[in-house]
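A.B. asks: Based on the sequences and whatever the hints tell you, model everything.
Those protein sequences? They're chains L and U, same order as listed. The first sequence begins at 2 in the working numbering and counts up one residue at a time. The second sequence begins at 27 in the working numbering and counts up one residue at a time.
Calculated directly from the structure, the hints in this document are not laboratory data. Any given hint could turn out to be false.
As the list claims (entries may be wrong) - Some chain L residues well away from chain U (every beta-carbon gap over 12 Å; in silico): (1) M2; (2) Q6; (3) L44; (4) G68; (5) E81; (6) D104; (7) T175; (8) F187; (9) H193; (10) I236; (11) A244; (12) I254; (13) Y266; (14) R285.
To be verified - One-sided excerpt, in silico: chain L residues whose CB lies under 10 Å from chain U: (15) L32; (16) G35; (17) H36.
Unchecked claim - Now the in silico label distances, taken between C-beta atoms and shown as ranges: (18) L:D67 with U:T39: 36 to 42 Å; (19) U:Q41 with L:E63: 28 to 34 Å; (20) U:K107 with L:E8: 37 to 43 Å; (21) U:G59 with L:G179: 45 to 51 Å; (22) U:N42 with L:E24: 50 to 56 Å.
As the structure is a computational prediction, the values presented were derived from the model and not from experiment. Positions of the beta carbon are idealized from the N, C-alpha and C atoms, including for glycine.
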Amino acid sequence: MYPAQFEYVAPESLDEAIKLLAESGGEAKILAGGHSLLPAMKLRLAQPGTIIDLRKVPGLSEIKVDGSGVTIGAMVTHAEVARSSEIQSALPALAEAAAVVGDLQVRNRGTIGGSLAHADPAGDPPAAFLALDGSIVAKGPNGERTIAGTDFFIDILTTALGEDEIVTAVTFPTLAAGTGTAYVKFDHPASHYALTGVAAAVKLDGSGNVESVKVGVTGVGPKAYRATAVEEALIGKGADAIADAASHAADGIDCNDDIHASAEYRAHLATVFTRRALQAAFTRANG
Amino acid sequence: MSVAVTVTVNGKTYQNEVEPRLLLVHYLRDVLGLTGTHVGCDTSQCGACTIIMNGAAVKSCTVLAVQADGADLETIEGLAKNGELHPIQKGFWEEHGLQCGFCTPGMIMTSVDLLKNNPAPSEEEIRRGIEGNLCRCTGYQNIVKAIQYAAKEMAG
Chain L
2 MYPAQFEYVA
12 PESLDEAIKL
22 LAESGGEAKI
32 LAGGHSLLPA
42 MKLRLAQPGT
52 IIDLRKVPGL
62 SEIKVDGSGV
72 TIGAMVTHAE
82 VARSSEIQSA
92 LPALAEAAAV
102 VGDLQVRNRG
112 TIGGSLAHAD
122 PAGDPPAAFL
132 ALDGSIVAKG
142 PNGERTIAGT
152 DFFIDILTTA
162 LGEDEIVTAV
172 TFPTLAAGTG
182 TAYVKFDHPA
192 SHYALTGVAA
202 AVKLDGSGNV
212 ESVKVGVTGV
222 GPKAYRATAV
232 EEALIGKGAD
242 AIADAASHAA
252 DGIDCNDDIH
262 ASAEYRAHLA
272 TVFTRRALQA
282 AFTRANG
Chain U
27 MSVAVTVTVN
37 GKTYQNEVEP
47 RLLLVHYLRD
57 VLGLTGTHVG
67 CDTSQCGACT
77 IIMNGAAVKS
87 CTVLAVQADG
97 ADLETIEGLA
107 KNGELHPIQK
117 GFWEEHGLQC
127 GFCTPGMIMT
137 SVDLLKNNPA
147 PSEEEIRRGI
157 EGNLCRCTGY
167 QNIVKAIQYA
177 AKEMAG
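C.D. replies: Shown next as structure tokens:
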């Protein structure tokens, strides 16, 4: 299999890439690691007229962790996120999600910016991105803007990113001291896509009750989402409330239904894996 | 429209004009004649086409040749040095890590990356490490043993 013909450009600056994208009038696609785009092009599900490869654009491959938070360049690969000792300690659930994307070879090419911009409903990074309160930094002809994670995913393969914008980085606030985070998934045994993946971040108060909690779920619905019903059910409560709270993991979600898992089964998986993610996060909280 | 590509493969530099849609695996096989890298599923699942690109294992059916411009590539043909098998190749030989052999080049190249980042992997880590490589003969037991053999050999 090979893709349909296209024009290929590899600009050497972000501004040039943005200009090329704007000039294409919607015909161009941005290429990062290519592990979602190229398979789609080989199947002719995508036939962009122009490919704008970001591989020569400087400044998109850095990981920065400091007092103001964590900034990960859009072209940082899943393998780099997973192996980064700084990410492992600052955002454990994100490192865990990156470590179980696809397989070793896929993680070596796939990027965090590409994965989030593609918004595959069964990708792993979106769940951790939501639970860790991440934001997208995007740049277009009108300048740079930051898009909150909760506003970013719109629908299957659809985000709030403008047609003329490029994701340049993903940012996260510093986790409050003592916050426990975890990502757990139930993966499809062949593709390793998440049939269900859940990330949780839990902060406990002095008496061991939940002061704040965020739960991100992927693989279950048409887009990754924050399980707000679970979060609301847990606030102010202790570990014994986890199971009840987790039962709300798929509340109000139009669950995916396909040959791999029925909607009912996915809803069930969402509650089980939400429970496990919360248990793991609780164990690590104040740790 | 053709695009100029310069790559180093197994220490030798090549320069070609290629169509942008040419996949790296086809560039290696059809343009350079390096047919040791196999095309299996062609859908990024099976790992038969795995090569090392700038030090990391990649599925060359899911990389455009133009994306490899300037890259340092290593294929199965480059592993043996001066007629001496690489320890991973030796492991596959000694432990009967292949049956039909179709998946072998990809299995071996993935193992290069695996052992580089984890020189003493557990059995579980080996199985996780090669989860992107499928063996249709289902000969995984001996493949795992072959990688264990190589890890010991490389540790000296």
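A.B. asks: The structure should be examined with respect to each hint, and the outcome stated for every one.
C.D. replies: Hint check results:
1. M2: violated, 5 Å
2. Q6: violated, 6 Å
3. L44: violated, 8 Å
4. G68: G68 of chain L is indeed farther than 12 Å from all Cβ atoms of chain U, at 30 Å.
5. E81: violated, 10 Å
6. D104: Violated, because the least Cβ-Cβ distance between D104 of chain L and chain U comes to about 3 Å, which does not exceed 12 Å.
7. T175: Nearest chain U Cβ is 28 Å from T175 of chain L, so the label holds.
8. F187: holds, 15 Å
9. H193: violated, 7 Å
10. I236: holds, 36 Å
11. A244: Consistent with the label, A244 of chain L stays out of reach of chain U, its closest Cβ about 29 Å off (over 12 Å).
12. I254: Given that every Cβ of chain U is farther than 12 Å from that of I254 of chain L, nearest at about 28 Å, it holds.
13. Y266: holds, 23 Å
14. R285: holds, 22 Å
15. L32: Holds, about 8 Å.
16. G35: G35 of chain L check passes; min Cβ-Cβ to chain U is 7 Å, inside 10 Å.
17. H36: holds, 6 Å
18. L:D67 with U:T39: 36 to 42 Å: holds, 41 Å
19. U:Q41 with L:E63: 28 to 34 Å: Check passed, 31 Å falls within 28 to 34 Å.
20. U:K107 with L:E8: 37 to 43 Å: holds, 41 Å
21. U:G59 with L:G179: 45 to 51 Å: violated, 59 Å
22. U:N42 with L:E24: 50 to 56 Å: With Cβ atoms ~28 Å apart, the hint is violated.
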